[in-house]
Amino acid sequence: MVDKKVITELSEIVGEEFVSTKQDILLAYSVSASMASDAVLPGAVVRPVDTEQVSKILQVAARYNIPVTPRSGGSSLQEEVIPEPDGLVIELMRLDKIKLHKELRSVTVGSGVTYGVLEKFLKEHDLFLPVYPESALVCTVAGNVAVNGAGPGSSHFGCTGELVLGVEIVLPDGKIITTGSEANPYSPGPFQRYSFGPDITGLFIGSLGSFGIITKVSMKVFKRHKYYDHNTFGFETHEQAEQFMVDVKQNDINGVFTSLYEGPVLELFMDMIGEELGVPKYEWPFRTVSMTIGRVREDMMRSDAELAKKLCEKHGGHVIGISQLPYQEWNGRLWFFVRACYVHGWHWRTLYHHQTPINAHRSVEEIRDVMEKYGFLGHTAGFASGHSSFNAYPHLYFDPQDPEDEQKIRDAHKELAKTLFKTGAVPFKLAPYWADAIEGMDNYMAFLELVKKTIDPKKLMNPRVLGGL
Amino acid sequence: MTTIDLDELLENLAQCRRCGICRNAVYEDKGFDGVCPVWKNSAGFETSFMRGRIQVALALLDGRLEKTEENAESLFSCTLCGNCTSICAAEFDPAKCLESVREVLNEIPNAVRDTIAKKILENNNPYVDENKTRRDWVKEVGFDIPGTGEVLYFTGCTAGLKLPETAKSTAKVLNAAGVNFAVLEEEPCCGSVMIRTGMVEEAKKNAEKALEMIAKSGAKKIVVTCAGCLKTLREDYSERFGLDVPEVLHMVEYLKPLIESGKLKLKKSSEIKKITWHDPCHLGRALGVYEEPRDILKAIPGVELVEMETNREAAMCCGSGGGLRSYDGNLAKKIASDRIQDAEAIDADILATACPFCEHNLKDGANRIGSKIRVVDILDLISKQLQ
Numbered sequence: 001m002v003d004k005k006v007i008t009e010l011s012e013i014v015g016e017e018f019v020s021t022k023q024d025i026l027l028a029y030s031v032s033a034s035m036a037s038d039a040v041l042p043g044a045v046v047r048p049v050d051t052e053q054v055s056k057i058l059q060v061a062a063r064y065n066i067p068v069t070p071r072s073g074g075s076s077l078q079e080e081v082i083p084e085p086d087g088l089v090i091e092l093m094r095l096d097k098i099k100l101h102k103e104l105r106s107v108t109v110g111s112g113v114t115y116g117v118l119e120k121f122l123k124e125h126d127l128f129l130p131v132y133p134e135s136a137l138v139c140t141v142a143g144n145v146a147v148n149g150a151g152p153g154s155s156h157f158g159c160t161g162e163l164v165l166g167v168e169i170v171l172p173d174g175k176i177i178t179t180g181s182e183a184n185p186y187s188p189g190p191f192q193r194y195s196f197g198p199d200i201t202g203l204f205i206g207s208l209g210s211f212g213i214i215t216k217v218s219m220k221v222f223k224r225h226k227y228y229d230h231n232t233f234g235f236e237t238h239e240q241a242e243q244f245m246v247d248v249k250q251n252d253i254n255g256v257f258t259s260l261y262e263g264p265v266l267e268l269f270m271d272m273i274g275e276e277l278g279v280p281k282y283e284w285p286f287r288t289v290s291m292t293i294g295r296v297r298e299d300m301m302r303s304d305a306e307l308a309k310k311l312c313e314k315h316g317g318h319v320i321g322i323s324q325l326p327y328q329e330w331n332g333r334l335w336f337f338v339r340a341c342y343v344h345g346w347h348w349r350t351l352y353h354h355q356t357p358i359n360a361h362r363s364v365e366e367i368r369d370v371m372e373k374y375g376f377l378g379h380t381a382g383f384a385s386g387h388s389s390f391n392a393y394p395h396l397y398f399d400p401q402d403p404e405d406e407q408k409i410r411d412a413h414k415e416l417a418k419t420l421f422k423t424g425a426v427p428f429k430l431a432p433y434w435a436d437a438i439e440g441m442d443n444y445m446a447f448l449e450l451v452k453k454t455i456d457p458k459k460l461m462n463p464r465v466l467g468g469l
Numbered sequence: 001m002t003t004i005d006l007d008e009l010l011e012n013l014a015q016c017r018r019c020g021i022c023r024n025a026v027y028e029d030k031g032f033d034g035v036c037p038v039w040k041n042s043a044g045f046e047t048s049f050m051r052g053r054i055q056v057a058l059a060l061l062d063g064r065l066e067k068t069e070e071n072a073e074s075l076f077s078c079t080l081c082g083n084c085t086s087i088c089a090a091e092f093d094p095a096k097c098l099e100s101v102r103e104v105l106n107e108i109p110n111a112v113r114d115t116i117a118k119k120i121l122e123n124n125n126p127y128v129d130e131n132k133t134r135r136d137w138v139k140e141v142g143f144d145i146p147g148t149g150e151v152l153y154f155t156g157c158t159a160g161l162k163l164p165e166t167a168k169s170t171a172k173v174l175n176a177a178g179v180n181f182a183v184l185e186e187e188p189c190c191g192s193v194m195i196r197t198g199m200v201e202e203a204k205k206n207a208e209k210a211l212e213m214i215a216k217s218g219a220k221k222i223v224v225t226c227a228g229c230l231k232t233l234r235e236d237y238s239e240r241f242g243l244d245v246p247e248v249l250h251m252v253e254y255l256k257p258l259i260e261s262g263k264l265k266l267k268k269s270s271e272i273k274k275i276t277w278h279d280p281c282h283l284g285r286a287l288g289v290y291e292e293p294r295d296i297l298k299a300i301p302g303v304e305l306v307e308m309e310t311n312r313e314a315a316m317c318c319g320s321g322g323g324l325r326s327y328d329g330n331l332a333k334k335i336a337s338d339r340i341q342d343a344e345a346i347d348a349d350i351l352a353t354a355c356p357f358c359e360h361n362l363k364d365g366a367n368r369i370g371s372k373i374r375v376v377d378i379l380d381l382i383s384k385q386l387q
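Line by line, the protein sequences are chains H and V.
Note that my numbering has the first sequence beginning at 1, numbered continuously upward.
Note that my numbering has the second sequence beginning at 1, numbered continuously upward.
No lab work stands behind these hints, which were simulated from the structure alone.
Even for Gly, the Cβ is constructed at its ideal location relative to N, Cα and C.
Take the hints with a grain of salt, since some may be wrong.
To be verified - Within a straight-line C-alpha distance of at most 35 Å, the following computed DSBU-like cross-link-like pairs (lysine-lysine) qualify: (1) H:Lys309 x V:Lys30; (2) V:Lys30 x H:Lys249; (3) H:Lys5 x V:Lys40.
As the list claims (entries may be wrong) - Between beta-carbon pairs, the in silico distance windows are: (4) V:Val306 x H:Arg368: 40 to 46 Å; (5) H:Arg63 x V:Lys162: 51 to 57 Å; (6) H:Tyr194 x V:Lys30: 35 to 41 Å; (7) V:Asp129 x H:Thr21: 37 to 43 Å; (8) H:Arg368 x V:Asp114: 55 to 61 Å; (9) H:Lys418 x V:Asp29: 36 to 42 Å; (10) V:Glu107 x H:Arg63: 42 to 48 Å; (11) V:Glu107 x H:Gly278: 44 to 50 Å; (12) H:Lys453 x V:Asp114: 45 to 51 Å; (13) H:Lys22 x V:Gly370: 55 to 61 Å; (14) H:Ser323 x V:Lys30: 17 to 23 Å; (15) H:His125 x V:Pro301: 25 to 31 Å; (16) V:Gly218 x H:Gln324: 53 to 59 Å.
Pulled out of the complex, with its shape left as it was, chain V reads as follows (with noise of 0.2 Å):
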């Protein structure tokens, strides 16, 4: 059952005039250099951005298309980056709206959804089967980190078992600001695919599974280093489920003040030279944190901030929101590419974000065109010049 008011989507997809602004407007004053990624790295018809999609979507929910899954292909080729809500005239959310599109036709067979929701169901996280091997990188921190306790490490299921650096630079600084923190014993995944893809009461069910984990672990406060996670454990889980959950801080919103206070301090870094920050869509254009992390890049001794020609609410999505990266992956990576040549463009040395899902593909996105820019996580520079 859907838990969305059709007749209000539908109200709210009559507000798209079929301007095409959201497609690839250069518009300086505003900060954009283009605005859908997939348009731009795709063959380029009108369903590859979002004028097209929703008109794709009116017609699947009117029944003027029939409810296949190739017809729906275009409503899924999209990062629900939101950089058509930034830019769009009309007083509507067009992504928001995708993702809601998303839910109301999800009895439209598509297999990679089905099997993400799936294996996140039966194994807790998209990747493995064995879900306790997330939390194998606490044995190589040197020190203990409990199963409980008032602040709680919420990893991730990219961090924890594709990039376990980011979580164990994540627990060194903890440890060093003087944080004791606590890594549930069998974290489960947040769920955020599930409602992006469509899967919703799916993502209900495990988010009320996620949470009573949670709750059991003592939490009153949790951190992330996933805008993913972070995303759905402070919004989703409250505005669309009603759940009651504990105060959600992004790192680099929670270390913000420990470094400002001088409570974590960071010493000069001698192979940084200029750096360039990715806002990842879910942290920046979802929930506005955008300065934190460019506050802390900028108090890291000899680090050069250089910003690239589009950041912050215009900033170019890294290609594997919106579950692209598992249902067109090489359309994902081709997205990623394209950012890592923003990054070239202005010479940058290294790019950080805060978000294992961008930097998974961003890396990927590098490697394709053989450049030879650092991707790293923010955490991870910060473990670095901790002292």
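In isolation and in its complexed conformation, chain H is listed as follows (with noise of 0.2 Å):
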């Protein structure tokens, strides 16, 4: 339990109302959206207003020596926010502030705002935030900036660490930090991440809270597309699918997303929700791949659709034509993929990292050869997240009520990181399963250590992730 004098500390500073040590509620904090983890009781849970509060919260977890876990959505789903045992869970919802600077094309946005709430108030002034995570409607902004998240949209624009330009951090002795642009006091807001030097927000991008907690982030925003090509391309061979994929992003062909199914895998999607989204029944083939080209114009969308459909071809494939795949993951991206992974009634555990395209069919078999072993149903797909990579999001199934089940998933899992890694595979952050995975980096950790020694040296922030450093 946290002390008494130190809930009176925090009720001063965010109110009663917004500090609690009820059983109840601490055991809502003790898991998140992550599936098959162990929960974790904190000590305290408090929900401040502002980057002020923040500071002051942070400043009394340090003369206590409490260990602090940010979390704001709570939607993430490999134990990034997992408390530790007595810890102080701050919950961010509330730093819900929204300010757009329309002539830098960019918005700044608190800690608590989700991408759907983002959506609509971008949408008002013909803008988006072009990366969308699939959990878009619970996750924020913020939240997906700490852990470096992906999704539509990322086969043009990235992950979302590529669009951020700046961010407010309190550090973990209360000191207030804003990186980018604007850190000039004088600076007319965020136009501009790489100033003064070392991309310090790039440190904190992918960090899961460990280095300090994020308190509003500016993202890069664009004028919305007008103009979309929804097709499907199938292909015989893994190398034609991946070669295709290749030269989409090689002749600038905008595929803002571009998916990559196995043969099976989408046969299962399309058995769970294909009739719910009205795609038309098809034999699947191999590999397909659904992309949606967006453009701002036109011309510059029938030109690319037409030189998509002659790669295709090249590549040895076949236009298939069915546009309402593609269509649906895009137009319906902040629905299409919380549905697909929620339909059934199977819990899962994700193990979400990137490949090169050319390299995608290595999860898959690795994936395959996991689920063989331990006997298991799962799938992985994936789509191009950016200049030559590739997300994959393998998810292994289990049955909630069946303790031996979830148990064979764990250590599924476990094995599948170590495998993944040695095919050349990346996580997008250090999530702590990845502690056991990976091998070979030791003065990439060693120097790790040291970057977290100096900014947080009594190693309270988030210290189960970052491979527990």
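Grab the two chains, each in its own frame, and use the hints to assemble them into the complex.
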């Protein structure tokens, strides 16, 4: 339990209403959307309303040596916000301000602003933040910066981190800094991330709150695309499909979302939600690429769409021509993936990672091997996620009411992280289970530890992540 | 003894993958501008919306959390409005599950819940000792209403005892349409609040008693003005208790064909300007009655019907359902104020609804923030426009 004296001090900062040590509330914060994870009861939960309150809270935590877990939407899937025993959870959903810098093509949002809220706000200005995590209706933008997520839009715009212009951070000792161009107090706003030397912003992207608490993020925004082409392309070998994806990028085809599906996986998805989404029945080939091209000008879109067809045929593929799948992936991007993830009854663990497009099949092979060895259902699919990367999202299904089944998945998950690492895959963040998987990175990890020690000498900030440094 | 299959309930609760979409999803394509009214209007901890409540329910059921009144607080700080069910991506009904959890865990002390159930069983209503007064409004309508007849107007406790104008308006409208109808001499409570708060065994006893009284009236058709009574009599009595109830219609369902066929004529309104419709959760999300009241309002000459940002399946709740009004009146009224602000945002002059429970709470919500919006029952509106 957190000492009563500490609770009194926290109450003085945020008001009694926004601090809790109630057993039921602590229990609700002992978990997140991460399945097959052990729940850990924190000692208290506090809900600040602004950066200054976060700063004061961290000063209290530092004074009393209380470990801190920052949390916003609570939708993370890889144990990023599981608290420390008797630690303090700082829940950031009340930081809900949005400020648009129209001339700078950027927006600054507080840590409690979800993608759904921001999408509605930006739409009124004919703008969008063009990368949407699968949990966009729940997930906060700042939370996604802290995990450096990806999703629809990433195929052209890269991971969330690529869109960040700066962050406001409360450091473990309570000091507040702003990175990027806004580090200059006279700056008109966020317009240049790479200001004043090293990329300090980058230090906090994917850092999972281990170096401080992000209280605001400034993001690039773009004019909404008006013209779209949705198409599907079939291939009989993985090499054909993967080369097609490389060539799409090489020819500057603006595939805002380019997914790659293995035949049986697509069949599985379509069995679950195909009818609901209006996707016609089809015998999907060995590999299907589902692509949405988005452009602000029609001529560009038409040119891209034509070239994509030619490239498909050049690589030995055929144009399937079913547009409903990519249409739903993109137009229903705030819903499609959530529905596909939860429509079936299974619980699942995921193991998000990046490959290169030409290595995408290795992820498929590895998950197949581990499925066979452990005997469980699962799949992986993925999408182009930047300059030359591919985001794979394996799901390992289990029955939540069967502890043995769950343990099997935990073991398989651990093993899969190790084998994927050896294929050359990289995680976007050091979620706890990657710690056992990585090898041959001793100097890198030692440097990371040095950074952690320097910024957070008491190791109070989300200590379970970054390999438990 | 609970009627709930615990294994099935646990299986359903396990469908929650804790994604959190039930908190504050803003999703224009499906009409959502937020989901949980309690989360929005309370301190906003995890237990104030369905994801957290389900975790608490599971922990209380499997013993990880001690079964105390304090630990079960979040189970009752919910209007059971069902907006979470509307947006849930998984294949289960979270609001219905919570209702079942309340039933299974009804051994956990809860003075508010127990008092309501006791009053209903003793007095046939949750409000006053002398239930006979609920028929006092009949004296003011200017014509006789018998206690027996083929069409029974089941007034409901709130209209009968707190908002008799709605009952009088209903009588006038039925009379104008040439309908011979009855009102029970001593009408019982339908028991909705007992079912919602987990006192299902008591609710069943009450339902059997109520149905006996209804049967004695000779009713072949029951009309109601309360959305809670509608859901309870139409759905819960048959599905939960296996009782054979005559056809039950809300007045908006009953009146629509009468208006469309010209049996009930409405005159132009001189005072009604912009009017918006608040979907009662039990009428809309629970029973899918969305268009009938809108069609009726549009049939009043001179009315401009405007929609609030959230409506139909995604409508925000008034705050009074699920026993919340009794359990935490301040929170219920705060939620109501929030809904009133939705109506203010579209410059509505009048907010109409079809549930005395909603009306009562929304009026308090409007007063709380000094809103000039008039909250009215649709029957009160119609009765003023009778030709």
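Tested hints:
1. H:Lys309 x V:Lys30: 33 Å, holds
2. V:Lys30 x H:Lys249: The given pair, whose Cα atoms are some 33 Å apart, holds under the 35 Å limit.
3. H:Lys5 x V:Lys40: Given pair H:Lys5, V:Lys40 holds - Cα atoms ~29 Å apart, limit 35 Å.
4. V:Val306 x H:Arg368: 40 to 46 Å: Taking Cβ atoms as reference, V:Val306 and H:Arg368 lie about 56 Å apart, which means the hint is violated.
5. H:Arg63 x V:Lys162: 51 to 57 Å: Holds, at about 54 Å.
6. H:Tyr194 x V:Lys30: 35 to 41 Å: This hint holds: roughly 39 Å between Cβ atoms.
7. V:Asp129 x H:Thr21: 37 to 43 Å: Check passed, 41 Å falls within 37 to 43 Å.
8. H:Arg368 x V:Asp114: 55 to 61 Å: Because 57 Å falls inside the window, the suggested range holds.
9. H:Lys418 x V:Asp29: 36 to 42 Å: 41 Å, holds
10. V:Glu107 x H:Arg63: 42 to 48 Å: Since the Cβ atoms of V:Glu107 and H:Arg63 sit about 44 Å apart, the hinted range of 42 to 48 Å holds.
11. V:Glu107 x H:Gly278: 44 to 50 Å: Taking Cβ atoms as reference, V:Glu107 and H:Gly278 lie about 48 Å apart, which means the hint holds.
12. H:Lys453 x V:Asp114: 45 to 51 Å: Roughly 57 Å apart at Cβ, these two residues miss the hinted range, so it is violated.
13. H:Lys22 x V:Gly370: 55 to 61 Å: For H:Lys22 and V:Gly370 the Cβ distance comes to about 33 Å; the hint is violated.
14. H:Ser323 x V:Lys30: 17 to 23 Å: 22 Å, holds
15. H:His125 x V:Pro301: 25 to 31 Å: Between H:His125 and V:Pro301, where Cβ atoms are some 40 Å apart, the hint is violated.
16. V:Gly218 x H:Gln324: 53 to 59 Å: Given about 56 Å between the Cβ atoms, the range holds.
In this structure, the earlier hints numbered 4, 12, 13 and 15 are contradicted, and the remaining ones agree with it.
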